[in-house]
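Number of protein chains: 2
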Amino acid sequence: MFKERLFTPGPTQLLPGVQTAMAQPIVHHRTEEFRSIFREVLDGLRYMYNTENDVLCFTASGSGAMEGAVVNLLSPGDKALVVSAGKFGERWTGLCKAFGANTNVLSIPYGQAANPRDVAAELDKHPDTRAVFVQYSESSTGARHDVKALGEIVHRRPKTALVVDAITGLGVMEMPVDEWHLDVVVAGSQKALMLPPGLAFASVSQKAWELIETTRSSKFYFDYRKERKSNAKGESSYTPAITLIVAAREAIRHIRSLGRDQLIANAGLLAEATRGAAKALGLRLFAESSPSDALTAICAPSGVDSGTIVKAFKKEFGATVANGQGEMKGQLFRIAHLGYYDFTDTVALIALLEIILKRLNIPVELGAGVTAAQKVYLARSS
Amino acid sequence: MFKERLFTPGPTQLLPGVQTAMAQPIVHHRTEEFRSIFREVLDGLRYMYNTENDVLCFTASGSGAMEGAVVNLLSPGDKALVVSAGKFGERWTGLCKAFGANTNVLSIPYGQAANPRDVAAELDKHPDTRAVFVQYSESSTGARHDVKALGEIVHRRPKTALVVDAITGLGVMEMPVDEWHLDVVVAGSQKALMLPPGLAFASVSQKAWELIETTRSSKFYFDYRKERKSNAKGESSYTPAITLIVAAREAIRHIRSLGRDQLIANAGLLAEATRGAAKALGLRLFAESSPSDALTAICAPSGVDSGTIVKAFKKEFGATVANGQGEMKGQLFRIAHLGYYDFTDTVALIALLEIILKRLNIPVELGAGVTAAQKVYLARSS
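So the sequence lines, in the order shown, correspond to chains A and B. The first sequence begins at 19 in the numbering used here and counts up one residue at a time. The second sequence begins at 19 in the numbering used here and counts up one residue at a time.
Keep in mind that a hint or two might mislead.
Identical copies look the same in the list; a pair holds intra-copy or inter-copy alike.
Below, computed lysine-lysine pairings styled on PhoX-like, alpha-carbon distance capped at 25 Å [said to hold, decoys possible]:
no.	residue 1	residue 2
1	Lys247	Lys97
2	Lys333	Lys393
3	Lys329	Lys115
4	Lys177	Lys21
5	Lys376	Lys393
6	Lys329	Lys393
7	Lys393	Lys297
8	Lys332	Lys393
9	Lys347	Lys297
10	Lys21	Lys376
11	Lys333	Lys143
No lab work stands behind these hints: they were computed from the structure.
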């Protein structure tokens with residue numbers, strides 16, 4: 019007998035207050051009641067984002083808001099620079115190409131993060147680049163790009179915007195959007211916000227708005243300018259996912275009461291504990307040098323397909339962890355820390371991992387990973 | 019940041035299917051729709067109880083069904099034998115005295131179980147004893163009485179009934195009611211059934227019904243004969259806790275799909291893992307010789323008030339464990355295994371306990387309890 023538990027980097031576990039909010043009768047979206055809720059959500063998103071910029075809200079998955087960033091910033095033929103180090107970097111490339119951008123890709127090996135100097139060099143080579151696209155946290159590898167340094171580099175170029183996919187970065191790692199000069203920052207509901215998928219967000223800086231004004235591309239649903247006008251009236255341009263917005267109000271109230279920094283510190287604790295445990299168990303981290311706190315990608319021991327570990331978690335304990343994606347499938351498994359996970363969840367998962375490795379005859383010392391995690395906890399909370 | 023989690027021996031955690039069932043619109047209780055639900059629940063209770071006897075369902079806490087057993091079996095002045103080894107044994111004594119029974123108490127030190135020979139000796143001394151009252155699992159101490167042996171002893175006496183409080187025993191430890199000759203077995207919803215409190219149950223053997231026929235006591239709400247007639251029609255005599263009965267159907271369907279024996283094996287695993295962990299951490303079990311699998315009562319280390327440990331669990335990790343009751347308060351803390359807990363829950367709680375003990379400067383080896391629990395898991399599931 020076991021309980022089903024998600025440990026995936028999206029969807030993440032739901033806040034209980036979110037579940038009960040979604041069980042309430044629905045309200046109509048063209049009413050003052052809804053506008054008041056939606057305004058509270060938009061204001062809360064600015065708090066989450068730590069920004070004075072507009073934050074737009076779309077009924078879409080995160081990829082919808084990514085598409086929005088491309089179609090609002092780039093006209094066909096415009097030069098784009100994609101910093102790509104995993105499946106989500108590749109999604110930026112796919113989007114830029116689909117909309118006819120002249121796409122320059124800075125490819126970084128999976129598991130590594132971009133060297134900001136390489137990005138600067140590309141921009142020096144292509145000074146007419148209109149937008150740089152990057153992930154804060156590359157969920158497929160568990161690596162973290164230094165978007166603060168990229169912000170400094172792009173900020174010096176008035177005709178170039180920095181677009182950050184922070185879908186698994188928002189509410190997970192420190193990200194002062196304005197101070198770091200992040201022009202468009204995309205996020206989604208099913209991550210640190212502890213909501214189901216279905217809402218996507220984009221913050222837009224003044225510099226980005228100025229570029230958007232001059233973009234000539236075909237767009238309708240993800241038209242940022244239209245959405246800004248609707249949002250200013252407390253509405254969305256098209257029928258929103260009302261239930262998710264009502265739920266988002268609960269999540270945001272919870273995060274405000276907890277404090278944005280506490281949410282971030284929690285993910286940091288769980289990530290550090292998991293990395294410590296993996297090392298204590300002799301496992302290699304896939305993104306060793308610049309790990310994200312959103313998730314930890316752990317390499318399967320030599321000779322073991324990571325799918326075996328993923329299946330054992332599910333079959334034996336009801337715990338869902340993520341396999342590698344694409345070419346990384348079979349090589350690594352990914353454990354989430356972002357959103358509604360606590361130390362109790364994480365230390366338990368480590369204990370289960372030890373049992374699974376033992377069963378696979380991997381030479382691990384039972385309890386060693388747990389002890390490493392406990393030491394991280396004690397060091398952080400003493 | 020942490021999640022609130024109950025680890026108390028009642029209420030226990032709710033099955034998610036129970037939560038969603040309770041969120042449904044209410045049905046009326048004098049309808050065929052409800053009668054069909056109620057019959058399924060009564061039938062499911064017989065499955066849970068592993069009995070062909072009637073199982074009655076009351077809207078009451080477990081103590082209500084305990085009172086029912088007393089008032090249906092004993093007339094004022096009748097002789098009763100109470101086997102008492104904790105706060106719930108004392109509740110039998112309080113009930114018997116409140117209803118004017120001539121109450122003989124076999125007192126056993128807290129933490130210990132009754133020696134069946136002592137019970138036989140009392141019955142030899144008082145052959146006119148009309149009912150013996152005992153707990154299967156004494157939740158205040160974590161001890162288990164050998165109700166199988168008591169069943170054999172009482173079975174040989176046609177004018178004496180054995181009444182078992184199995185509130186924390188049903189669905190936790192093996193209990194073939196008919197084979198063991200348990201005449202009245204009382205249980206409650208907020209335990210292994212994974213429901214909120216509010217429903218109480220009593221199985222009644224043919225022998226018990228014959229004794230009940232001749233009881234002359236004042237009773238109304240807990241009148242077993244009246245309830246049997248109502249239950250036979252798929253109804254309860256008085257307005258039932260409809261929502262809880264609808265929820266009970268979900269819980270029983272879940273238990274049937276899992277299998278009663280699996281539910282019991284799960285509690286056994288968690289109990290053995292917890293006992294192993296406590297020993298590995300140098301902690302003493304309060305009920306060493308005959309432990310119940312419903313919960314484990316662990317003695318606080320010398321010089322530490324168990325309330326300190328209980329408070330640390332709650333304050334630091336959001337985990338609610340139970341302190342000792344009455345005179346045992348401050349001496350021990352109690353961790354539940356019955357119902358909707360799994361190994362993941364339990365191994366996490368042990369890891370948290372290690373951190374708490376470390377903080378209190380108790381000389382424990384981090385990870386030692388977890389490792390002992392992991393070894394129990396591996397031994398049981400290999």
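For a quick check of understanding: which of the numbered hints are violated here, in increasing order?
1, 3, 4, 11
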